[in-house]
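Protein chains in written order, with my numbering: chain A, 21 to 387; chain B, 4 to 252.
If you're looking for bench data, these hints aren't it; they were derived computationally from the structure.
Watch out, some of these pointers could steer you wrong.
[Unchecked claim] Calculated cross-link-like contacts (lysine-lysine; reagent style DSS-like; alpha-carbon spacing at most 30 Å): (1) 62(A) / 138(A); (2) 196(B) / 26(A); (3) 25(A) / 196(B); (4) 99(A) / 62(A).
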Amino acid sequence: MKIDKKNIMPVAVLGSICIVVAFLMGLVNMITSPIIREADEKAVKESLSIVMPNGEFNARADELKDGAPKTINAIYTDKNGLGYVAVLTTTKGYTGKAIGITVAFDKDGKIIKAVVTKNEESIVPAELKAGGTYGDKYIGVNAKDVASLVTGATVKFTESAIKGAINDASAYLGFIAASDNTNTNDSNVKGNSALTDSDVIAIAGELMPGSYEKHTVDGMPEQVLGVYRETTGKGYAVHIATRTQYRDLETDGVVTVNAFGEITGVKMVEWIVGYDSTLLPSAPECDEAFLNSIKGKNSAGLKRVDLVTHATNTSNNFINPLKEAMDILYPVPIYTVATCSVIAAFMLFAVSYLIYIKVKGGKKNEE
Amino acid sequence: MKNKRFSIFLRGLIAENPVLVLVLGTCPTLAQTSSLTAALGMGIAATIVLVCSNAVISALRNIIPDTVRIPCYIVVIAGFVTVVQLMMQAFLPPIYEMMGVYLALIVVNCIILGRAEMFARKNGVIDSTMDGLGMGCGFLIALLAMAFIREVFGAGTFFGMPIPLLSEYNIPILTMAPGGFLVFGILIAIMNKIMAKQGGVKRKSFSCEGCPSASICDKTACSDIEEVQVDPTINSSEKTVNEEAQDGN
Numbered sequence: 021m022k023i024d025k026k027n028i029m030p031v032a033v034l035g036s037i038c039i040v041v042a043f044l045m046g047l048v049n050m051i052t053s054p055i056i057r058e059a060d061e062k063a064v065k066e067s068l069s070i071v072m073p074n075g076e077f078n079a080r081a082d083e084l085k086d087g088a089p090k091t092i093n094a095i096y097t098d099k100n101g102l103g104y105v106a107v108l109t110t111t112k113g114y115t116g117k118a119i120g121i122t123v124a125f126d127k128d129g130k131i132i133k134a135v136v137t138k139n140e141e142s143i144v145p146a147e148l149k150a151g152g153t154y155g156d157k158y159i160g161v162n163a164k165d166v167a168s169l170v171t172g173a174t175v176k177f178t179e180s181a182i183k184g185a186i187n188d189a190s191a192y193l194g195f196i197a198a199s200d201n202t203n204t205n206d207s208n209v210k211g212n213s214a215l216t217d218s219d220v221i222a223i224a225g226e227l228m229p230g231s232y233e234k235h236t237v238d239g240m241p242e243q244v245l246g247v248y249r250e251t252t253g254k255g256y257a258v259h260i261a262t263r264t265q266y267r268d269l270e271t272d273g274v275v276t277v278n279a280f281g282e283i284t285g286v287k288m289v290e291w292i293v294g295y296d297s298t299l300l301p302s303a304p305e306c307d308e309a310f311l312n313s314i315k316g317k318n319s320a321g322l323k324r325v326d327l328v329t330h331a332t333n334t335s336n337n338f339i340n341p342l343k344e345a346m347d348i349l350y351p352v353p354i355y356t357v358a359t360c361s362v363i364a365a366f367m368l369f370a371v372s373y374l375i376y377i378k379v380k381g382g383k384k385n386e387e
Numbered sequence: 004m005k006n007k008r009f010s011i012f013l014r015g016l017i018a019e020n021p022v023l024v025l026v027l028g029t030c031p032t033l034a035q036t037s038s039l040t041a042a043l044g045m046g047i048a049a050t051i052v053l054v055c056s057n058a059v060i061s062a063l064r065n066i067i068p069d070t071v072r073i074p075c076y077i078v079v080i081a082g083f084v085t086v087v088q089l090m091m092q093a094f095l096p097p098i099y100e101m102m103g104v105y106l107a108l109i110v111v112n113c114i115i116l117g118r119a120e121m122f123a124r125k126n127g128v129i130d131s132t133m134d135g136l137g138m139g140c141g142f143l144i145a146l147l148a149m150a151f152i153r154e155v156f157g158a159g160t161f162f163g164m165p166i167p168l169l170s171e172y173n174i175p176i177l178t179m180a181p182g183g184f185l186v187f188g189i190l191i192a193i194m195n196k197i198m199a200k201q202g203g204v205k206r207k208s209f210s211c212e213g214c215p216s217a218s219i220c221d222k223t224a225c226s227d228i229e230e231v232q233v234d235p236t237i238n239s240s241e242k243t244v245n246e247e248a249q250d251g252n
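Whole structure, please, built from the sequences with the hints as guidance.
See the structure below:
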């Protein structure tokens, strides 16, 4: 490219305009940024003063470390060393809707104050509403003692969710060991069941008529209490009981699966427990729609099951071990995988060859 | 001269209203007219940017080469928008929060780039400033007219203050998108009626260059007002209105 005035001028003019505009913006930023920063810090201070009235904070929250729990929205460190304020959101309540909490810790891990800032659950007693008195029970409580605070039966799940979120913040700030964090460690474990083998066989007979015998299968998840094979080859009955370690969400049920790996019937004897039916006028039984949505599904189809609206965790806890059991009982034959791979490779080759022929033909026509 | 400049200013208010006649800047018009406060904030911000950018672009019109004129205009406009944004964030935080993303979108507002291209690069600094002021005021008037109808009858409030009776018997759809389009259409219809009584919906002097319907218009709606001579050295590759009409014949 020939370098002459005609080529240099546009670049020079555009560059000069950019420099002047940038300078102007820098000047305005210099004037306005202290005002903006002060206004932001004031807004943050006002929002956090509900839990730490004497706190002084930066406008920006602290940068969260990698792997910070999802319940933590922001952590603010007091400039004068008074402690920390954690802004949290949890969805592990009864309905799975958002519950917002702001909690202040002193530098030793004692809770100064906690306030519920948002509660979108369907059942919300007055004390658990945004700005209610619920947070008063945490005043003066040490971070490591939060898990042992008693929860009310009526709002067990909401309180468990709030405690769990506060535990997340405590563990993140180092006031409790990660292994003591009941929120992340609230794993799905083997549940308790009052059903005997004959009870399970009777239920299986109702769901898928036949004669069943107990069958030992290696590698089953601990939540699968028993596998019963139908003697004429119709399929299996699987007895599953689950429980979450800290929140006592329990399930107990029997599922029958046919010889093709498809669910033919489900019966739940235990679903959600731990609530007061006087407060919840219609105790949510195991959702019929959920049960019907499982029927006919195989292991792969269980991934697309719509979980129960008010019992996301519970239904998830039941589906996962069921899927694992079905994968063990009905493994995909290796020859199926191999055959599909060969067919896919052949089709890819065929399409590529056809494209090559077409392009080559096009080039010949041009010549 | 003074009369000419004043007429340039007045044109932007009604006869060449950017929103209701030229149909430019419809996105912020619909988005920011659900409340009078937001409309006022948007109108004033857009006016300031329009005036400043028109003045600067007019001052630099003999320096900016044709090949880079659009990027230069965008840089100038974006600079002024950023200045307005920072000022609002510092001194008017409630209005800044209310305007949200639409404040930054003033950069790509058709009115500002359109007037820079159509007027500022062909006319002097003072004329361009008056044009910017007129267009900005016209934009503000249109926004306030729409916002008045939508907030008073849609929400039953006036600048956020509840109006007795209307606050109880309001028409909520007016505050939503469908209502916005409805009000917008009705206002354009009213404007067309007023302009028709004044001898024509659009004038040929600006219509074909700036009209979005130029390609499908048969020009029967335009009045027979003498055309303003366009400088043939600018955009010589583009045909003038007469040449296009002759080609059509």
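Status of the hints after comparison with the structure:
Only pairs whose Cα atoms come within 30 Å are accepted, and residue 62(A) paired with residue 138(A) is accepted, the gap being roughly 21 Å. The straight-line distance between the Cα atoms of residue 196(B) and residue 26(A) is roughly 50 Å, outside the 30 Å bound, and the hint therefore fails. Restraint check for residue 25(A) and residue 196(B): not satisfied, since their Cα atoms lie roughly 53 Å apart, outside the 30 Å limit. Only pairs whose Cα atoms come within 30 Å are accepted, and residue 99(A) paired with residue 62(A) is accepted, the gap being roughly 14 Å.
Of the numbered hints given earlier, the model fails hints 2, 3; all others are met.
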